[in-house]
Amino acid sequence: GAGVSQSPSNKVTEKGKDVELRCDPISGHTALYWYRQSLGQGLEFLIYFQGNSAPDKSGLPSDRFSAERTGGSVSTLTIQRTQQEDSAVYLCASSLHRGMNQPQHFGDGTRLSIL
Amino acid sequence: AQSVTQPDIHITVSEGASLELRCNYSYGATPYLFWYVQSPGQGLQLLLKYFSGDTLVQGIKGFEAEFKRSQSSFNLRKPSVHWSDAAEYFCAVGAQGGGADGLTFGKGTHLIIQP
Chain A
564 GAGVSQSPSN KVTEKGKDVE LRCDPISGHT ALYWYRQSLG QGLEFLIYFQ
614 GNSAPDKSGL PSDRFSAERT GGSVSTLTIQ RTQQEDSAVY LCASSLHRGM
664 NQPQHFGDGT RLSIL
Chain B
48 AQSVTQPDIH ITVSEGASLE LRCNYSYGAT PYLFWYVQSP GQGLQLLLKY
98 FSGDTLVQGI KGFEAEFKRS QSSFNLRKPS VHWSDAAEYF CAVGAQGGGA
148 DGLTFGKGTH LIIQP
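Protein sequences, first through last, are from chains A and B.
Heads up: the first sequence runs through residues 564 to 678, numbered per this note's numbering.
Heads up: the second sequence runs through residues 48 to 162, numbered per this note's numbering.
These are calculated hints, taken from the structure and not from any lab test.
Please note: incorrect hints may appear among the correct ones.
Computed Cβ-Cβ distance ranges for the label pairs, DEER-style [to be verified]:
no. : chain 1 : residue 1 : chain 2 : residue 2 : range
1   : B       : Thr77     : A       : Lys578    : 16 to 26 Å
2   : B       : Ser117    : A       : Gly591    : 36 to 46 Å
3   : B       : Ser65     : A       : Gly635    : 39 to 49 Å
4   : B       : Arg124    : A       : Ser676    : 19 to 29 Å
5   : B       : Glu135    : A       : Lys620    : 42 to 52 Å
6   : B       : Ala48     : A       : Val637    : 26 to 36 Å
7   : A       : Gly591    : B       : Gly63     : 36 to 46 Å
Derived lysine-lysine pairs resembling DSS-like cross-links, with alpha carbons at most 30 Å apart [said to hold, decoys possible]:
no. : chain 1 : residue 1 : chain 2 : residue 2
8   : B       : Lys108    : A       : Lys578
9   : A       : Lys620    : A       : Lys578
10  : A       : Lys574    : B       : Lys154
11  : A       : Lys620    : B       : Lys154
12  : A       : Lys580    : A       : Lys620
13  : B       : Lys108    : B       : Lys154
Keep in mind that this is a model prediction, so the values were computed, not measured.
Cβ atoms here follow ideal geometry from the backbone N, Cα and C, with glycine treated the same way.
Using the sequences and the hints given, assemble the complete structure.
Laid out in structure tokens, this is it:
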């Protein structure tokens with residue numbers, strides 16, 4: 564497709580379950596970013612990938628969060644043992660290359676609700 | 048660390064009237080500045096960006112923004128708003144280096160258009 568694709572668009576799960584969120588960036592984009600958007604915290608940067616490598620994981624909220632990217636394309640954000648405070652919209656973005664002079668193109672997000 | 052302040056949580060403007068959304072940033076070097084718009088249930092769309100050069104930048108949908116270093120501001124303007132401009136607007140600042148390639152967003156301004 565032409566844009567960043569995220570799936571699922573909505574996910575409802577019970578507290579304590581694991582969830583996996585997927586991001587398919589724009590073809591040819593080497594940099595990929597994950598953000599979280601919640602009512603209390605606004606938009607928070609979580610992690611970025613250059614190729615398959617994530618140099619800095621300090622933005623992930625806790626050790627229950629992990630992310631990987633394979634083949635320099637699709638990325639998955641995994642949340643283990645979900646908690647209610649994990650409820651948010653998770654946005655993915657991609658850019659042609661790493662760097663702030665490269666505009667980030669966002670997907671429509673995955674709305675995650677933890678019951 | 049960089050930060051962004053959008054002082055107005057909500058703004059109501061009559062259709063056809065002019066618009067100015069305020070954004071103040073804090074960053075120790077020359078910032079990369081962005082304005083994004085988000086419609087309900089959708090991701091963020093880039094309106095315009097400033098990296099260097101001319102301090103008045105033009106964007107899509109008739110928007111423009113002016114970078115004022117002395118005021119640490121990057122206000123968004125539009126001469127005449129349309130009902131379709133109703134959305135959430137986010138100002139963001141970017142830094143590079145040290146793995147901090149994510150954008151730092153303001154809390155957003157919700158724009159309401161009155162008929």
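Verdict for Ala48 (chain B), Val637 (chain A) (Cβ pair) under range 26 to 36 Å
With a Cβ separation near 31 Å, Ala48 (chain B) and Val637 (chain A) satisfy 26 to 36 Å, so the hint holds.
Confirm or reject the claim that Glu135 (chain B) and Lys620 (chain A) have a C-beta distance inside 42 to 52 Å.
The hinted range 42 to 52 Å is violated for Glu135 (chain B) and Lys620 (chain A), with Cβ atoms some 28 Å apart.
For the hint 39 to 49 Å, verify it against the beta carbon of Ser65 (chain B) and that of Gly635 (chain A).
With a Cβ separation near 45 Å, Ser65 (chain B) and Gly635 (chain A) satisfy 39 to 49 Å, so the hint holds.
Given the hint that Lys620 (chain A) pairs with Lys154 (chain B), does the C-alpha gap stay at or below 30 Å?
At roughly 23 Å apart (the allowed maximum being 30 Å), Lys154 (chain B) and Lys620 (chain A) satisfy the hint.
For Lys620 (chain A) and Lys578 (chain A), compute the direct alpha-carbon distance and say whether it is at most 30 Å.
holds (24 Å)
Hinted pair Lys580 (chain A) and Lys620 (chain A), Cα distance within 30 Å
holds (22 Å)
Taking the CB of Gly591 (chain A) and the CB of Gly63 (chain B), does the distance hold inside 36 to 46 Å?
Since Gly591 (chain A) and Gly63 (chain B) have Cβ atoms about 41 Å apart, the given range 36 to 46 Å holds.
Falls inside 16 to 26 Å, the C-beta gap from Thr77 (chain B) to Lys578 (chain A)?
violated (45 Å)
Is 36 to 46 Å a correct range for the gap between the Cβ atoms of Ser117 (chain B) and Gly591 (chain A)?
Cβ of Ser117 (chain B) to Cβ of Gly591 (chain A): about 39 Å, so the range 36 to 46 Å holds.
Restraint check for Lys108 (chain B) with Lys154 (chain B), where alpha carbons must lie at most 30 Å apart
Holds, at roughly 22 Å.
Distance restraint between Lys108 (chain B) and Lys578 (chain A), which requires alpha-carbon spacing of 30 Å or less:
With Cα atoms ~42 Å apart, Lys108 (chain B) and Lys578 (chain A) exceed 30 Å; violated.
Hinted pair, alpha-carbon criterion (30 Å max): Lys574 (chain A), Lys154 (chain B). Please report holds or violated.
At roughly 24 Å apart (the allowed maximum being 30 Å), Lys154 (chain B) and Lys574 (chain A) satisfy the hint.
Checked against the numbered hints given earlier, the structure breaks hints 1, 4, 5, 8 and satisfies all the rest.
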